[in-house]
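*Asks:* Listed below, chain by chain, are the residues.
There are 2 protein chains.
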Amino acid sequence: MEKSIRVFAPATVANVTCGFDILGFAVSAPGDEVVVTLKKSPGITISEITGDGGRLSKDPSQNTVSVPILRYLEKIKSKQGFDIKLHKKMPLGSGLGSSSASSVAGVFAANILLGEPLKRIELLPFAMEGERVACGSAHADNVAPALLGGFVLVRSYRPLDVVKIPTPASLYATIIHPHIEVRTKDARSILRNDLSLHDAIVQWGNVAGLVCGLLMSDYGLIGRSMHDVVAEPYRSALIPGYYEVKQAALDAGALGAGISGSGPSVFALSNDEKKARVIAKKMSEEFNKLNIGNDVYVSQINSEGPVVL
Amino acid sequence: MEKSIRVFAPATVANVTCGFDILGFAVSAPGDEVVVTLKKSPGITISEITGDGGRLSKDPSQNTVSVPILRYLEKIKSKQGFDIKLHKKMPLGSGLGSSSASSVAGVFAANILLGEPLKRIELLPFAMEGERVACGSAHADNVAPALLGGFVLVRSYRPLDVVKIPTPASLYATIIHPHIEVRTKDARSILRNDLSLHDAIVQWGNVAGLVCGLLMSDYGLIGRSMHDVVAEPYRSALIPGYYEVKQAALDAGALGAGISGSGPSVFALSNDEKKARVIAKKMSEEFNKLNIGNDVYVSQINSEGPVVL
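First to last, the protein sequences are chains A and B. Residue numbers for the first sequence, in the working numbering: 1 to 309. Residue numbers for the second sequence, in the working numbering: 1001 to 1309.
None of these hints come from the bench; they were simulated from the model. Where hints are given, some of them may not hold.
Which residues of chain A face chain B? A few of them, derived with a C-beta cut under 7 Å, are [stated by the list, open to error]:
1) Asp21
2) Ser156
3) Asn193
4) Ser196
5) Val207
6) Ala208
7) Gly209
Here's a subset of chain B near chain A, in silico, CB distances under 10 Å, partners left out [as the list claims (entries may be wrong)]:
8) Leu1023
9) Ser1196
10) Met1216
11) Arg1224
Treat the numbers as computed from the prediction; the structure is a model and nothing was measured. Every residue, glycine too, gets a C-beta built ideally from N, C-alpha and C.
Whole structure, please, built from the sequences with the hints as guidance.
*Replies:* Spelled out as structure tokens, the structure:
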């Protein structure tokens, strides 16, 4: 009998306002599911993809779910074959780390099927290779929280150094995905390549404040720190109604709000589940006013990361 | 009888490598002492200054010890007069927050003599006015730790928002003051006014890492985060032998090392008092090789701030 497992890996919010390229957190929903099966012969196949609207390639060298497995097998010098069924249960190109969820789910499943020759943290560089396929560079701010769960700091890329930051128990994320498309490439190219020392100081003051707030369970400090002078001023232009949606979240009691990753999804943090649901409703109303369809998600910070279902 | 108190306020290390303009910590020595006396008639006088080599003005509108008191008295609408004796027990222009120590000592003493009409944190804006006298702008990264003690984050200047960061018990600072002069103005003007987004990301990754390391008592993370791509590459040129001194500290087991404030003092952090003393010796030897006289100080992080002696 073939051995097979089904794995869920979560969506993630990268940047988290001031933490451009270095902070991200995982949520409980949405996310991707993969079914990975040990094959008797070598080689990776993707036998099924659902939920992608036909946009993803079944070529294992082109799909973010399989590339990490290929790199992983090279590393552990294994010729084991796998079949992958990928069930996209979250929107593509949404700024919610769709490619990261697939990358993490795939390599996490493969490692378990092989008896966990590598520790979870050791899978990170392979999962990052999935990001390279998706957006041209091996970013870790979605992949790391998708893999490790929780709130994750990517302190450094060279060498790679990630830190899981303990967070207060009552921290809720509200995420809204408006049905518009923002290409990651456009969201990147709209940014300036340099910034004033003054703006940089503002940003790292806030980054330090946010991290302190999380570790000290100081919700007020978390909120006061959630400002972004680097990406929001530019990327907000790609999201119709962005500032109204953000203000609606703040008016409804959010600690802070910002663009999720490179957008167009918008997220808010709050310290109460009921509040998080009211925030969802208010944010949704703003996009509705503009006749922009949207999906909302409310979840605690997901401290687990990927799980076998 | 005239009422009089003697107050000590500590030296401080600002920037702390990656925390340019936003981080600072206080040490137990050196520091300044002031004797402040309630006068029967209005007006501020500075009747004595020692330890300054004749460099400081006795004009109360020109000295960092008295300007904060003047602003404070305006705020609380008091016409109380004070006499101040200022005993500089630390080097001027050393990058150790000499002006901040005086500013904090003065206004802290005055507030106590008046029965503490303001809370300690409320004295911060007045102490910052002393910095404006000393260097032309009201920075808080020395004043805030001198006033509050400990490791302090200046999250924001507008509005002013400072956070005292709990630190591990066994965190020691080694400070070395080489007998050369670096003018704060020169140390400022040598910096670039803007930086690449790439460098900024490296810097705030490290800032977040340092803050995490402090709060999680993770000495390894503290050390890995102590890098500065913003000021050190430029200001190091103003300190002969800087990189050799830094390397000597690291070789002797320092977690990390960097320029204290705008220099020329150099500091190192370590997690053991004995190690901190060996580091002091090794750093001193490097400056000795260059025939640069130097003073070394070893101290725990000073969590108290100013004290009445």
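*Asks:* Run every hint past the structure and note whether it holds.
*Replies:* So, going through the hints one by one against the coordinates:
1. Asp21: It holds, given that the least Cβ distance between Asp21/A and chain B is near 5 Å, below 7 Å.
2. Ser156: Holds - the Cβ of Ser156/A comes within 7 Å of chain B, reaching about 6 Å at its closest.
3. Asn193: holds, 6 Å
4. Ser196: holds, 5 Å
5. Val207: holds, 5 Å
6. Ala208: holds, 5 Å
7. Gly209: holds, 4 Å
8. Leu1023: At about 7 Å, which falls below the 10 Å cut-off, the nearest Cβ of chain A leaves the hint on Leu1023/B intact, so it holds.
9. Ser1196: holds, 5 Å
10. Met1216: The hint holds - Met1216/B has a Cβ within 10 Å of chain A, the shortest such distance being about 7 Å.
11. Arg1224: At about 6 Å, which falls below the 10 Å cut-off, the nearest Cβ of chain A leaves the hint on Arg1224/B intact, so it holds.
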